[in-house]
Amino acid sequence: GENVEQHPSTLSVQEGDSAVIKCTYSDSASNYFPWYKQELGKRPQLIIDIRSNVGEKKDQRIAVTLNKTAKHFSLHITETQPEDSAVYFCAASRGSNYKLTFGKGTLLTVNP
Amino acid sequence: GAVVSQHPSWVICKSGTSVKIECRSLDFQATTMFWYRQFPKQSLMLMATSNEGSKATYEQGVEKDKFLINHASLTLSTLTVTSAHPEDSSFYICSAPPGGRSSETQYFGPGTRLLVL
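Residue numbers (the working numbering), protein chains in the order written: chain A, 1 to 112; chain B, 1 to 117.
One should not assume that every hint holds.
Result set (DSS-like, lysine-lysine): computed pairs, CA atoms no more than 27 Å apart in a straight line [claimed, not checked]: (1) A/Lys-42 - B/Lys-20; (2) A/Lys-104 - A/Lys-42; (3) A/Lys-37 - B/Lys-41; (4) A/Lys-71 - A/Lys-22; (5) A/Lys-104 - B/Lys-66; (6) A/Lys-37 - A/Lys-58; (7) A/Lys-104 - A/Lys-57; (8) A/Lys-42 - B/Lys-14; (9) A/Lys-22 - B/Lys-41; (10) A/Lys-22 - A/Lys-68; (11) A/Lys-22 - A/Lys-57; (12) A/Lys-22 - A/Lys-58; (13) A/Lys-42 - A/Lys-22; (14) B/Lys-64 - A/Lys-57; (15) B/Lys-55 - B/Lys-41; (16) A/Lys-57 - A/Lys-42; (17) B/Lys-14 - B/Lys-64; (18) A/Lys-57 - A/Lys-37; (19) B/Lys-64 - B/Lys-41; (20) B/Lys-66 - B/Lys-14; (21) A/Lys-58 - A/Lys-68; (22) B/Lys-20 - B/Lys-64; (23) A/Lys-104 - B/Lys-64; (24) A/Lys-104 - B/Lys-41; (25) A/Lys-42 - B/Lys-41; (26) B/Lys-41 - B/Lys-14; (27) A/Lys-104 - A/Lys-58.
These are calculated hints, taken from the structure and not from any lab test.
Please model the complete structure; the sequences and the hints are all you need to start from.
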């Protein structure tokens, strides 16, 4: 089955700095890679996703890159703000109506 | 759009009792729903895939007789934790893809926190 590795497990940055979280996956059939943000006690919220036919996607301060050959994808957050502090999960899936396999999560702390 | 609700949000029960958790897609139909369990400071672990009109598919190591799943309609899936024990205490979250062109995307319910005494 799919295995998703996520690094780092914790990340602390100063407000305004950039944050990068990296994930690798094992299943070459995976073609959909979402990123979720989870605040304490709340549901995971989709923040950005990318499909395997695209190498990069950006939405304001958030961007995701995908390297299919190396089987890794990364989340980039620029100009971080204290409200970005949360746990971020990467995931991989084979696509339509298929299960998500999650990484172990990254606790991001943005210090004012 | 793509709103998923869960009920109840909190449940406390005695060891040995059964607990039913509902997951509803409010503004779309979902032929497939997913049930996850999340322990404190850990990731989401898929328990089972709920399929409307057919049996659920359970992940390895998940006891299907203990975690009963019923996908009664295109907008409702239920998870029943039978004979709950303290080790079943966890955060249970469902998700559903909204279908159509966005059927890879999964939207999560708010979760149900279960505490078994």
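Structure-based check of all given hints:
no.	hint	result
1	A/Lys-42 - B/Lys-20	holds (20 Å)
2	A/Lys-104 - A/Lys-42	holds (17 Å)
3	A/Lys-37 - B/Lys-41	holds (14 Å)
4	A/Lys-71 - A/Lys-22	holds (11 Å)
5	A/Lys-104 - B/Lys-66	holds (26 Å)
6	A/Lys-37 - A/Lys-58	holds (16 Å)
7	A/Lys-104 - A/Lys-57	holds (23 Å)
8	A/Lys-42 - B/Lys-14	holds (25 Å)
9	A/Lys-22 - B/Lys-41	holds (19 Å)
10	A/Lys-22 - A/Lys-68	holds (14 Å)
11	A/Lys-22 - A/Lys-57	holds (15 Å)
12	A/Lys-22 - A/Lys-58	holds (16 Å)
13	A/Lys-42 - A/Lys-22	holds (23 Å)
14	B/Lys-64 - A/Lys-57	violated (39 Å)
15	B/Lys-55 - B/Lys-41	violated (31 Å)
16	A/Lys-57 - A/Lys-42	holds (26 Å)
17	B/Lys-14 - B/Lys-64	holds (21 Å)
18	A/Lys-57 - A/Lys-37	holds (17 Å)
19	B/Lys-64 - B/Lys-41	holds (25 Å)
20	B/Lys-66 - B/Lys-14	holds (16 Å)
21	A/Lys-58 - A/Lys-68	holds (18 Å)
22	B/Lys-20 - B/Lys-64	holds (14 Å)
23	A/Lys-104 - B/Lys-64	holds (25 Å)
24	A/Lys-104 - B/Lys-41	holds (9 Å)
25	A/Lys-42 - B/Lys-41	holds (13 Å)
26	B/Lys-41 - B/Lys-14	holds (24 Å)
27	A/Lys-104 - A/Lys-58	holds (23 Å)
Of the numbered hints listed earlier, those contradicted by the structure are 14 and 15.
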